[in-house]
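*Asks:* Single-letter residue listing:
Protein chains: 2
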Amino acid sequence: MPDALLGEFDVIRLFADLAAPSHPWVRQGIGDDCAVLDLGGERCLLVTKDLLCEGVHFLRGTTTPRQLGWKSLAVNVSDIAAMGGRPLAAFLGLGLDAAEPAFTVGFRDGFLACARAHGIDLLGGDTVRVPRDSVISVTLLGEVARGELVRRAGARAGDAIALGGPVGLSAAGLWLLSAGAQPLDPARRETLVRAHLEPQPQVALGRWIAGRGVATAMIDVSDGLLQDLGHLCAAAGLGARILADALPAPDALAAAAALPGAPTASDWALAGGEDYVLLFTVPPERTAELIEGARRDLGLALTVVGAM
Amino acid sequence: MPDALLGEFDVIRLFADLAAPSHPWVRQGIGDDCAVLDLGGERCLLVTKDLLCEGVHFLRGTTTPRQLGWKSLAVNVSDIAAMGGRPLAAFLGLGLDAAEPAFTVGFRDGFLACARAHGIDLLGGDTVRVPRDSVISVTLLGEVARGELVRRAGARAGDAIALGGPVGLSAAGLWLLSAGAQPLDPARRETLVRAHLEPQPQVALGRWIAGRGVATAMIDVSDGLLQDLGHLCAAAGLGARILADALPAPDALAAAAALPGAPTASDWALAGGEDYVLLFTVPPERTAELIEGARRDLGLALTVVGAM
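If you're matching them up, the sequences are chains A and B in order. Residues 1 to 308 in our numbering are what the first sequence lists, from first letter to last. Residues 1001 to 1308 in our numbering are what the second sequence lists, from first letter to last.
So that you can see chain A by itself, here it is in the shape it has in the complex (with noise of 0.2 Å):
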């Protein structure tokens, strides 16, 4: 055993090394989005779970309570689209420093929004008075019907890789909110700043998706688009190739990437991270299908950025 500290990846290795499934309704167990279980009926139980903690995640001086409310669910209502999934019903563990009333309220009316934007139930939890550094983790549970489960693993060599929409507006709002002052239009200062602290999960595009059953494997981007871009090729033993020209290229990141001392527009789509948009491989002959019928069903601009 090394003497070193251990890293994210190690810990969950650690566990994931000893803690192979034993019940044969265990359809995926750590190492996707949600895990998958197989309890009989029609479909399938999605569950995801995370855990935020001030300090790390968020800082209280860059995010309404609301904001933070919404956001904390939302994230996880991302983990259940990039299976096809639907979300059903929440959990909050809720450490809290000081629930002070007005805190409390918003946080509350955030997640709440969020809840009845997506159909979900807020049925159970805890909370803690904790001395200092305040906690959420949020439990979310969902369902795919049986065949239309799609998961990280599946994508095959010449696939088309697609993204649900732009990436790099999340990190770039969160560059402005540490960066002070910058002479930015505030239309497009607001837009990458509620890409950041609102986000939007894609569950109907991962409905879609998954209900016409043409993605090969798909991924909400969380941590970036060539880390999570990476999950997808290493479950499916290729590589990629990204084309940086053929990424969504919103104005208001151009701006912003062109402020002194920011970074570039590539650097935020490549390596930000929280844009919680999905990406998706499907076979190269049915991509023109898909981007029509996106745009014809859902009104949205689905991007082909590169191939396996």
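You may find that some hints are simply not true.
[Stated by the list, open to error] Computed, partial: chain B to chain A, Cβ under 10 Å:
id, residue
1, 1007
2, 1009
3, 1088
4, 1108
5, 1109
6, 1122
7, 1226
8, 1291
No wet-lab data here; the hints were simulated from the structure. Only a predicted model underlies this, so the values are computations on that prediction, with no experimental measurement involved. Quick reminder that beta carbons are idealized off the backbone N, C-alpha and C, glycines included.
Using the hints provided, position chain B relative to the given structure of chain A.
*Replies:* Just chain B now, kept in the frame of chain A:
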């Protein structure tokens, strides 16, 4: 809205007031040991979630990492037991201030030992590096046959109140851990300290009770006998009488209570908490059969301690 800080139950009420379940498959939301989801099939899904925070729920100085891992899962197993259920799958959120290999491996071994003891698969979670104050969030899924579910609500006037084991040992163990050296027989000290650090949830008893359909209400003793009995009373709209002389009185508890400066044995038994034994109500005419059956089938001494 008041200006003072909110207590734990205020926070729960803030959420519960606005979180009425919207879905027909919710059989129990906020307000019992577990949420209960009826997603079709023969069995209901049980879900419970707990948040343990360093400095509030545990101190590294008084528990081994292995004991902490065991207890983190065991307290959730007890919630499943309290509904008559069987645990299935765990999800672990782990925020470590420093993931030292020895601590992490010890925690993992205790957690997985409890998982194996109860047939639980660890299927996912989240790990985070936090600057200080480690935090552990466990979500546990379980199942119960639809007709065997036992809730907090349902006790009737005249029902006997029964305990699955002695209460107060855990509180006495906690007192010993904080009271420094004490002139107590080492075996007795060990009994009490282990009751606190390595609780044994009563899954077999819960399932046996549920299978016989004899309990009208059930809960596990986590907050203390009086407080948890208060939950059964509130759910039933009834009061209760406890016979202090009828409480199980293990030697170790009496010996610790005789130490200088110690609380009384009945203080520990009534108000202690973290015992994780089952507390349930049964029609009075069936208590004799139940006590005899538990002795025969489980080798377990049930005790009637009062009446609703």
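*Asks:* Which numbered hints does this structure break?
*Replies:* Going through the list in order, the structure violates hints 7 and 8 and respects the others.
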